[in-house]
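Colleague: These protein sequences, in sequence, are chains A and B.
Mapping the first sequence onto this note's numbering, position 309 (from 1) lands on 309, and the numbers just tick up by one.
Mapping the second sequence onto this note's numbering, position 361 (from 1) lands on 361, and the numbers just tick up by one.
Hints in this document: simulated from the structure, not taken from any laboratory.
Keep in mind the model is a prediction, meaning the values are calculated, not measured.
One or more hints might be untrue.
In this list, chains with the same sequence are indistinguishable; a pair is considered to hold if it fits within one copy or across any two.
Claimed, not checked - In the SDA-like style, the derived pairs of lysine to any residue whose C-alpha atoms are separated by at most 20 angstroms in a straight line are:
hint, residue 1, residue 2
1, Lys339, Ala235
2, Lys384, Glu119
3, Lys412, Val66
4, Lys4, Gln328
5, Lys273, Thr169
6, Lys7, Lys187
7, Lys273, Arg53
8, Lys390, Asn332
9, Lys343, Gly245
10, Lys405, Ala188
11, Lys34, Thr334
12, Lys65, Arg51
13, Lys289, Asp173
14, Lys34, Ile327
15, Lys115, Leu414
16, Lys289, Ser30
17, Lys4, Phe336
18, Lys94, Lys403
19, Lys145, Glu26
20, Lys3, Gln328
2 protein chains.
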Amino acid sequence: MSKKQIKVGILGLGTVGSGTARILQENGDSIKLKVGSDIKIAKVLVRDLSRPRAVEIPLEALTDKVEDILENPEIDIVVEVMGGIEPARTYILKAMANGKSIVTANKELMAKHGKEILEAAEKNHVAIQFEASVGGGIPIIRPMKRCLAANDIEEIMGIINGTTNYILTKMTDEGSDFQEVLAEAQKAGYAEADPTADVGGYDAAYKIAILSSIGFSSRVSFDDVYFEGIDKVTAEDIEYAKDLGYTIKLLAIAKESPEGIEIRVHPTMIPSKHPLAAVKDVFNAIFVKGDAVGEVMFYGRGAGQMPTGSAIVADVIDIARDLTHDIQSRLNCTCFTDKKVKKIVDIESSYYVRLDCSNQPGVLSQIAGVFGENNVGLCSVIQKGSKVGKEVAEIVWVTYQVKEKDLQQALKELTSLSIVQQISSVIRVEGGVH
Amino acid sequence: MSKKQIKVGILGLGTVGSGTARILQENGDSIKLKVGSDIKIAKVLVRDLSRPRAVEIPLEALTDKVEDILENPEIDIVVEVMGGIEPARTYILKAMANGKSIVTANKELMAKHGKEILEAAEKNHVAIQFEASVGGGIPIIRPMKRCLAANDIEEIMGIINGTTNYILTKMTDEGSDFQEVLAEAQKAGYAEADPTADVGGYDAAYKIAILSSIGFSSRVSFDDVYFEGIDKVTAEDIEYAKDLGYTIKLLAIAKESPEGIEIRVHPTMIPSKHPLAAVKDVFNAIFVKGDAVGEVMFYGRGAGQMPTGSAIVADVIDIARDLTHDIQSRLNCTCFTDKKVKKIVDIESSYYVRLDCSNQPGVLSQIAGVFGENNVGLCSVIQKGSKVGKEVAEIVWVTYQVKEKDLQQALKELTSLSIVQQISSVIRVEGGVH
Numbered sequence: 001m002s003k004k005q006i007k008v009g010i011l012g013l014g015t016v017g018s019g020t021a022r023i024l025q026e027n028g029d030s031i032k033l034k035v036g037s038d039i040k041i042a043k044v045l046v047r048d049l050s051r052p053r054a055v056e057i058p059l060e061a062l063t064d065k066v067e068d069i070l071e072n073p074e075i076d077i078v079v080e081v082m083g084g085i086e087p088a089r090t091y092i093l094k095a096m097a098n099g100k101s102i103v104t105a106n107k108e109l110m111a112k113h114g115k116e117i118l119e120a121a122e123k124n125h126v127a128i129q130f131e132a133s134v135g136g137g138i139p140i141i142r143p144m145k146r147c148l149a150a151n152d153i154e155e156i157m158g159i160i161n162g163t164t165n166y167i168l169t170k171m172t173d174e175g176s177d178f179q180e181v182l183a184e185a186q187k188a189g190y191a192e193a194d195p196t197a198d199v200g201g202y203d204a205a206y207k208i209a210i211l212s213s214i215g216f217s218s219r220v221s222f223d224d225v226y227f228e229g230i231d232k233v234t235a236e237d238i239e240y241a242k243d244l245g246y247t248i249k250l251l252a253i254a255k256e257s258p259e260g261i262e263i264r265v266h267p268t269m270i271p272s273k274h275p276l277a278a279v280k281d282v283f284n285a286i287f288v289k290g291d292a293v294g295e296v297m298f299y300g301r302g303a304g305q306m307p308t309g310s311a312i313v314a315d316v317i318d319i320a321r322d323l324t325h326d327i328q329s330r331l332n333c334t335c336f337t338d339k340k341v342k343k344i345v346d347i348e349s350s351y352y353v354r355l356d357c358s359n360q361p362g363v364l365s366q367i368a369g370v371f372g373e374n375n376v377g378l379c380s381v382i383q384k385g386s387k388v389g390k391e392v393a394e395i396v397w398v399t400y401q402v403k404e405k406d407l408q409q410a411l412k413e414l415t416s417l418s419i420v421q422q423i424s425s426v427i428r429v430e431g432g433v434h
Numbered sequence: 001m002s003k004k005q006i007k008v009g010i011l012g013l014g015t016v017g018s019g020t021a022r023i024l025q026e027n028g029d030s031i032k033l034k035v036g037s038d039i040k041i042a043k044v045l046v047r048d049l050s051r052p053r054a055v056e057i058p059l060e061a062l063t064d065k066v067e068d069i070l071e072n073p074e075i076d077i078v079v080e081v082m083g084g085i086e087p088a089r090t091y092i093l094k095a096m097a098n099g100k101s102i103v104t105a106n107k108e109l110m111a112k113h114g115k116e117i118l119e120a121a122e123k124n125h126v127a128i129q130f131e132a133s134v135g136g137g138i139p140i141i142r143p144m145k146r147c148l149a150a151n152d153i154e155e156i157m158g159i160i161n162g163t164t165n166y167i168l169t170k171m172t173d174e175g176s177d178f179q180e181v182l183a184e185a186q187k188a189g190y191a192e193a194d195p196t197a198d199v200g201g202y203d204a205a206y207k208i209a210i211l212s213s214i215g216f217s218s219r220v221s222f223d224d225v226y227f228e229g230i231d232k233v234t235a236e237d238i239e240y241a242k243d244l245g246y247t248i249k250l251l252a253i254a255k256e257s258p259e260g261i262e263i264r265v266h267p268t269m270i271p272s273k274h275p276l277a278a279v280k281d282v283f284n285a286i287f288v289k290g291d292a293v294g295e296v297m298f299y300g301r302g303a304g305q306m307p308t309g310s311a312i313v314a315d316v317i318d319i320a321r322d323l324t325h326d327i328q329s330r331l332n333c334t335c336f337t338d339k340k341v342k343k344i345v346d347i348e349s350s351y352y353v354r355l356d357c358s359n360q361p362g363v364l365s366q367i368a369g370v371f372g373e374n375n376v377g378l379c380s381v382i383q384k385g386s387k388v389g390k391e392v393a394e395i396v397w398v399t400y401q402v403k404e405k406d407l408q409q410a411l412k413e414l415t416s417l418s419i420v421q422q423i424s425s426v427i428r429v430e431g432g433v434h
């Protein structure tokens with residue numbers, strides 16, 4: 001045994017930083033037994049030294065100078081919980097150059113600069129862990145890297161953004177509109193003042209890039225992910241979904257096929273009996289399908305001070321165990337292969353299409369004809385009634401599994417038809433049409 | 001790097017052994033990338049060398065002499081998939097004494113002799129992993145040891161036996177009787193010819209002993225587990241459960257409180273809206289509640305050739321990674337503390353009690369009186385009608401959270417009343433009464 005105490009520096013004392021500190025303090029005794037040595041919070045970087053804190057950190061451990069952590073020879077592990085690309089990226093690279101191992105919750109950084117960060121860890125012979133970057137406290141990254149290592153992963157599908165799931169749950173349960181529920185979620189603290197990262201699908205895109213990289217052993221970065229947010233989902237779509245036996249969720253989907261891998265985030269209709277349809281509010285759930293294990297699911301709180309802190313401290317414990325026994329980490333980057341990422345036009349899916357058209361004889365067959373000419377097979381059609389004094393009919397179409405490019409071509413042709421007023425919604429359908 | 005090839009010996013080539021071999025062969029290329037060295041099946045112990053095999057093993061790798069594995073200096077890792085206590089225990093101890101690391105799926109052995117096995121691993125400086133012993137392919141042991149290490153675990157609750165869950169699902173969906181569904185399950189291959197280990201609750205008891213030991217960092221062995229099987233659950237109970245808004249599942253429950261830990265397996269009524277109520281057929285699901293992470297759930301196929309093989313090969317990969325880098329395992333036994341296990345009479349629970357009594361005035365109040373005198377608070381009562389020409393009334397009682405010993409005392413006193421003909425069923429209720 002080479003070390004009796006492992007010293008940790010924390011960059012940031014916001015929600016997640018405070019949770020991390022609290023857990024290290026409150027569960028310190030049992031953590032010490034698990035690690036075999038003491039884990040001490042040596043320094044915490046804060047912006048304002050004089051601000052009152054929700055968590056008790058000795059005054060001498062607080063600093064507003066990042067060098068006190070990055071260049072402190074006593075510190076073994078740096079926990080980065082600032083978020084965003086800069087200065088987090090620079091700090092992490094400096095810390096690694098100085099021989100420190102890293103624990104980060106930074107999904108944006110890992111999704112955009114994962115290659116650089118992991119290569120720097122390799123080069124500097126330090127460990128980097130990022131369990132907290134996906135699914136909050138839900139164990140998912142380590143289970144995929146280790147517990148499912150025997151499998152070739154075929155598919156990952158999950159709800160990995162709590163804010164949008166909260167909003168969609170409310171919209172579904174209460175029949176309310178997006179804007180209305182968003183305002184409510186902001187008030188309740190479930191959505192940020194600027195909600196773009198969540199409702200625009202960015203956050204889920206970062207996370208699925210990370211999971212896909214691990215699952216397919218091939219680097220997937222943020223630019224490889226096709227993503228849409230939930231801001232265009234309407235109360236009408238949710239109502240139609242219910243009629244059709246579906247629930248709308250913001251799903252992150254990653255699949256591998258001989259033609260390449262596809263990675264996408266978008267509002268998705270799934271059968272209401274699908275286990276993911278029952279995942280409500282801010283909860284997250286991730287299905288992983290392996291060729292040996294079949295489908296396994298991981299479920300829990302995908303965010304929050306203590307759950308995210310739980311994942312960060314688990315990473316700290318893991319690294320601290322290695323340091324205690326003077327072992328060098330050997331499970332940083334697992335992207336051993338280089339797989340082609342499909343373009344969104346090359347994927348296949350079922351689609352729900354809602355459109356307004358003239359309420360006159362022959363319209364239905366004309367539209368169906370355009371779908372047919374473009375190889376878009378139709379599974380079901382709903383025409384409930386008419387709008388605007390019977391001049392406009394709203395029709396909902398659900399297609400079989402078709403090529404995205406064929407669907408897009410059909411939509412393009414439909415838009416140019418004089419009988420079609422507007423295409424109101426296009427939502428992909430997963431889990432089988434019926 | 002010290003090794004280019006890791007050699008594995010497998011004890012047993014039944015269902016799980018064959019799955020293990022298949023995965024090591026079929027996914028060998030990607031496993032090699034993950035481990036950093038080749039994993040080779042060096043020897044497989046079989047009973048009959050001439051029997052045809054479902055998996056292709058070179059004839060020279062087969063042996064019917066266990067020494068070819070246990071005393072083979074080339075073999076690094078021994079996979080034990082024979083099951084049962086002996087000779088598995090002796091073989092594992094011998095293999096460890098000869099410096100071999102162990103992967104086992106043997107829940108009975110780990111639940112009954114875990115201490116001995118883990119101490120032997122420690123003494124011989126070898127690794128032992130047993131992910132496959134609980135939940136088949138579902139990652140649960142490593143996630144609990146590592147990913148949830150920051151938490152003090154407060155509760156574990158799950159469906160961890162596929163056979164009984166299949167039977168209870170059929171009984172619930174079809175209204176059939178236990179014996180009828182058991183026969184059907186045996187025909188379908190979901191239940192053994194001798195179903196005792198599953199339907200009697202033994203299998204789940206082994207597994208919860210293992211999970212509790214890890215969760216509470218304190219050795220819980222099979223003898224510490226209170227368990228009941230599902231053989232006394234009747235179609236009537238399931239019908240009443242539905243009326244009351246519950247579903248009956250065989251749950252394994254482990255809780256920690258200041259008075260000690262309680263570990264039990266029994267048929268349990270849970271609210272039909274509880275996520276565990278939706279876990280059907282042979283699927284398993286395990287809730288773990290930590291003080292930081294809150295509740296997380298792990299879900300998947302709890303048995304089967306390939307899922308169980310997936311867990312075993314993950315363990316092999318984990319150990320092989322360490323061996324490749326000449327690192328000694330340091331995460332064998334995690335029972336750092338010694339916690340008191342409560343007796344079943346000292347637990348608290350809600351209860352469903354179904355009894356037959358004389359159909360005459362004053363009976364209800366007399367029975368309620370006995371409950372009351374014993375501090376058993378009543379939440380609901382159902383009397384649907386009468387049996388045997390109106391002479392006998394069947395009454396169902398649901399209690400609030402009460403002490404088991406008080407409930408038992410009340411039942412004892414009720415049995416001695418002349419107006420009570422029989423106590424037909426007593427089933428614990430979890431997840432809140434309503």
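Colleague: Among the hints numbered above, which are violated by the structure, and what are their numbers in rising order?
Modeller: The structure conflicts with hints 1, 2, 3, 6, 7, 8, 9, 10, 13, 15 and 18, although it agrees with all the remaining ones.
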